[in-house]
Amino acid sequence: MHYLFNGFYRLAPVRTLQIKTYIRRMSTIREIEIPVPWGHIAGRESGPADGRPLLMLHGWLDNCGTYEAIQTHLPPTYRCVNIDLPGHGRSSHLPPGPMIGSAIALGTYVVRMVRDHYGWSRFSIMGHSMGSGVGVLYAACFPEDVASLTILDLVKFITRPVEQHPANAREAVLSYLEVQRKMTTNERPQYTYEALQQRLISVLGGDMDATAADALLARGARRNPDTGLYESTYDLRLRTRTFQSMDFVGWREFASRLRCRLLLVLAEQGGTWISAEEEEAEAIQTYRQAVPELRLERLPGGHHVHLTHPERVLPIINEFLTAEPDTAAVTAAAATGRSGL
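Residue 240 in full-length UniProt numbering sits at position 240 of the sequence shown; the count goes up by one each step and never skips.
Hints in this document: simulated from the structure, not taken from any laboratory. Think of the CB as a built atom: it goes at the ideal place given N, C-alpha and C, for glycine as much as any other residue. There's no promise every hint is true.
[Said to hold, decoys possible] Keeping only pairs whose Cα atoms sit at most 20 Å apart, straight-line, the calculated DMTMM-like set for lysine to aspartate or glutamate is:
#: 1; residue 1: K182; residue 2: E231
#: 2; residue 1: K182; residue 2: E194
#: 3; residue 1: K182; residue 2: D235
[Said to hold, decoys possible] What follows is a set of in silico ranges between Cβ atoms, one per label pair, in the way DEER data are often shown:
#: 4; residue 1: E144; residue 2: Q289; range: 15 to 21 Å
#: 5; residue 1: A323; residue 2: P96; range: 43 to 49 Å
#: 6; residue 1: R160; residue 2: T184; range: 26 to 32 Å
#: 7; residue 1: V203; residue 2: V162; range: 37 to 43 Å
#: 8; residue 1: E277; residue 2: L174; range: 29 to 35 Å
The whole structure should be built from the sequences, with the hints applied where relevant.
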């Protein structure tokens with residue numbers, strides 16, 4: 001648990017944070033399990049049961065630990081439900097055999113299931129990276145549900161021109177068969193904890209430090225009792241290509257249907273590999289034309305700046321969330337709540 005306290009000391013400069021508040025809110029973190037047909041969606045919940053619902057979605061191969069440094073410092077009027085998406089963290093993997101397909105599409109389906117579980121009529125979404133893509137798709141499909149969307153370091157998810165779709169589908173089939181072979185033989189590399197920690201840091205290009213890596217590994221790794229070594233726990237199928245791709249025109253059609261307030265926080269040294277600069281400019285313009293309010297902020301830091309330097313991100317997020325107009329968003333079901341335990 002040392003990373004929790006290290007994370008707090010990094011947060012000390014944020015003037016809205018107080019030690020007593022931090023300790024009290026940490027004690028209210030609740031582990032949750034939401035039943036789904038293939039098992040459960042795990043996560044961490046905080047805030048009052050009658051608060052405004054805020055669903056928090058992590059990035060690809062991460063887990064809800066990505067919000068370790070900020071969850072308990074969000075506005076106290078929000079009920080924060082921070083989930084592990086399927087095959088990530090402590091959530092159930094899908095049954096063996098079929099391809100997962102698009103993790104973003106699957107996540108959109110899960111958001112609807114979480115919404116139905118809690119009985120929310122209207123709620124806010126916060127997403128990092130892939131989780132932002134999930135948020136955009138859900139808010140486009142169900143604009144009446146979403147009061148606001150906070151996007152952390154993703155302008156748009158990866159799209160491919162239609163002429164690349166056949167080759168991508170071929171690669172998806174081949175990569176899935178290779179992963180299926182590894183799953184059948186249970187081929188997961190094992191490491192000492194320190195080696196796994198350093199591997200995570202290096203894979204992310206030095207985007208995070210050991211403290212941040214610990215926050216993700218707490219839910220994303222397990223110790224093998226026979227060897228004493230550690231291995232990642234995510235569903236290996238998440239690393240395969242998506243068979244059905246979307247081109248930029250298709251993405252733009254979804255994004256143009258957003259009707260919620262939108263906060264876009266981009267890291268200056270963040271996910272620049274995800275889309276071309278000209279596509280990002282057009283994507284931002286699409287948002288601007290669609291939503292009633294767009295706030296765009298660029299901050300120094302890497303792709304996980306919300307985890308490594310929360311003091312840079314929190315004031316912006318909290319100002320945006322506390323400015324949410326009063327609505328009938330919190331239903332009786334949200335007020336009474338169902339923990340899913």
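20 Å Cα cutoff - pair K182, D235: It holds: about 11 Å lies between the C-alpha atoms, which stays within 20 Å.
E144 versus Q289 beta-carbon gap, inside 15 to 21 Å or not: Hint holds: Cβ distance 19 Å, inside 15 to 21 Å.
Pairwise beta carbon distance, R160 to T184, judged against the given window 26 to 32 Å: holds (29 Å)
Hint check for V162 and V203 - Cβ pair distance inside 37 to 43 Å: violated (31 Å)
Restraint check for K182 with E231, where alpha carbons must lie at most 20 Å apart: holds (14 Å)
Assessment of proposed distance window 29 to 35 Å (beta carbons of E277, L174): holds (31 Å)
Agreement of K182 and E194 with the hint, judged by alpha carbon distance not exceeding 20 Å: With Cα atoms ~24 Å apart, K182 and E194 exceed 20 Å; violated.
Range hint compliance [Cβ, A323 to P96, 43 to 49 Å]: holds (46 Å)
Of the numbered hints listed earlier, those contradicted by the structure are 2 and 7.
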